[in-house]
Amino acid sequence: MKRIFFLAFLILSSVPLWAQEKANTTTNNQREIKPWSENVRYWQYKGEPVLLLGGSKTDHIFLADGLLEHLDEIKEVGGNFVRNTMSQREGKDLKPYALVNDSIFDLNRWNEDYWTRFENMLKWTNERDIIVQIEVWDRFDYSQKFWEISPWNPRLNVNYSYEKIGFDEKYPLHPSKDVQPFFHSLPNMPKYDKKLDLIYKFQEAFVTKMLSYSLQYGNVLYCMNNETTTSALWGQYWIKFIKSKAKEVGISVGTTDMFDDVHKGKESVNAPIIFNDGEHYTFADISQVNSRNFDDKHWHELQWLIEQVNKTYPRPSNHTKIYGAGFSNFGSGGQEDGVERFWRNILAGSAGVRFHRAHNGNNLNDKAKASIRAGRLLESQMKLWELEPHMELLVDRSPNEAYLAAMPGEKYALYFTYAGSVGLDLTKSKGTFTLKWISITEGTWYREEKIQGGAVATITAPFKGGWVAALTRDN
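Residues in the sequence shown are numbered consecutively from 71, following our numbering.
Calculated directly from the structure, the hints in this document are not laboratory data. These numbers were taken from a predicted model, which means no experiment stands behind them. Among the hints, erroneous ones may be present.
What the hints assert, rightly or not - Below are the BS3-like pairs computed for lysine-lysine, each with C-alpha atoms no more than 27 Å apart in a straight line: (1) Lys334 - Lys247; (2) Lys367 - Lys381; (3) Lys506 - Lys520; (4) Lys271 - Lys247; (5) Lys279 - Lys315; (6) Lys261 - Lys310; (7) Lys265 - Lys247; (8) Lys381 - Lys481; (9) Lys247 - Lys310; (10) Lys334 - Lys279; (11) Lys367 - Lys234; (12) Lys534 - Lys520; (13) Lys520 - Lys453; (14) Lys234 - Lys215; (15) Lys534 - Lys367; (16) Lys215 - Lys247; (17) Lys271 - Lys315; (18) Lys481 - Lys534; (19) Lys261 - Lys247; (20) Lys317 - Lys116; (21) Lys215 - Lys145; (22) Lys315 - Lys336; (23) Lys145 - Lys453; (24) Lys193 - Lys234; (25) Lys317 - Lys271; (26) Lys234 - Lys162; (27) Lys481 - Lys498; (28) Lys145 - Lys162.
Claimed, not checked - Simulated DEER-style distance windows between Cβ atoms: (29) Lys336 - Trp515: 37 to 43 Å; (30) Gly161 - Lys234: 22 to 28 Å; (31) Thr186 - Lys264: 33 to 39 Å; (32) Pro342 - Lys279: 30 to 36 Å; (33) Ser173 - Lys336: 48 to 54 Å.
Ideal Cβ positions, reconstructed from N, Cα and C, are used throughout, including at glycine.
Hey, can you work out the whole structure from these sequences and the hints?
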């Protein structure tokens with residue numbers, strides 16, 4: 071099938087293009103996830119602003135057994151954000167394609183169980199007001215051990231041979247090396263070969279099948295890749311493809327891509343692609359800043375990224391992966407690092423945050439549940455979109471001891487990573503404040519106290535462990 075390269079949309083202003091579109095009269099468009107009209111750095115859903123908090127036991131959540139119960143578990147603790155990779159790495163019975171004689175796949179026939187699970191996930195998350203961020207392609211599914219079991223591998227399908235398609239039998243290198251031709255099936259890609267036209271036909275059919283379900287629901291965001299190192303042209307093509315299909319059914323959708331080197335901050339080659347393009351990347355996923363970066367360094371890199379995302383084309387910044395477990399060689403750190411990154415992300419101005427799956431994240435363990443609960447308790451006192459980082463108001467702060475977001479004079483969210491005591495500069499804020507302590511360890515309220523403004527107030531965490539002090543002005 072001859073592919074169509076879609077015309078680029080016109081950028082009209084610093085507000086994301088999809089937020090400028092006239093309200094559609096269809097029910098889907100009225101109820102879809104989109105940048106909040108009053109502050110496009112955050113999301114709105116069903117017409118109301120919403121902060122996305124989440125964690126789940128797996129990334130390809132639609133293939134998980136006991137999904138309905140797991141979604142209820144997420145909802146019960148205040149979660150409303152999950153990641154869904156369109157996984158190709160499960161056993162033969164959970165691949166997207168039908169088996170022939172129980173041993174080989176036919177890419178022209180679908181595995182109905184795979185797609186029924188996908189449809190159920192969309193329906194059940196929609197019923198629970200849980201936002202789903204879909205990742206269309208994951209480079210790990212097509213290299214190393216997962217290539218050995220992939221339906222796209224010529225050895226395992228009836229549709230083409232190695233010679234006909236131009237694939238190798240093995241791709242032993244880490245997928246970051248970008249040697250897999252699968253991601254170069256477009257004529258403008260660096261490693262394109264005419265033989266790849268056939269694989270494109272099946273890729274287009276796969277995405278079209280996915281959209282036949284997902285475009286029926288307004289609780290879906292689209293990320294093209296997981297940690298891609300492939301040319302941005304690949305993701306941009308699929309963004310245009312998805313936007314075009316959405317337009318055909320009268321809705322607009324949020325689209326982005328996840329570049330691997332974002333964790334490098336100012337040294338990232340690909341991060342500026344997102345900064346300077348509000349047309350394709352209608353929201354940013356900067357998850358990779360949550361690996362390799364720790365403590366104050368993580369805070370500074372995170373702040374810089376969010377500032378750059380919103381410099382020219384303001385839009386939401388999501389973290390569908392917050393690493394923090396396993397002490398991996400790429401810098402996941404431990405479970406406490408995951409908790410700290412979760413809270414720094416919130417206070418820095420992120421619109422969506424989610425704990426990564428085990429073994430490199432807190433998934434939905436007790437620490438994740440407690441943080442999500444604590445986040446909702448903080449939200450009951452002040453909305454995060456009302457606040458901005460104000461670290462300059464902290465006095466006698468030790469490295470990584472505490473972080474602050476505030477509406478100076480009115481509301482302050484002070485996060486202690488592990489106990490501690492700092493000065494909070496309230497010299498320009500007269501009157502009395504109520505301080506409510508939230509335990510991040512337990513996800514519960516602890517106690518209240520009164521703080522007098524007009525001076526530097528000493529704020530001391532009650533005990534060891536993580537704490538949030540929520541200060542609000544009394545009348």
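Of the numbered hints stated earlier in the document, which are not met by this structure?
As far as the earlier hints go, 10, 11, 21, 22, 24, 28 are violated by this structure, in ascending order.
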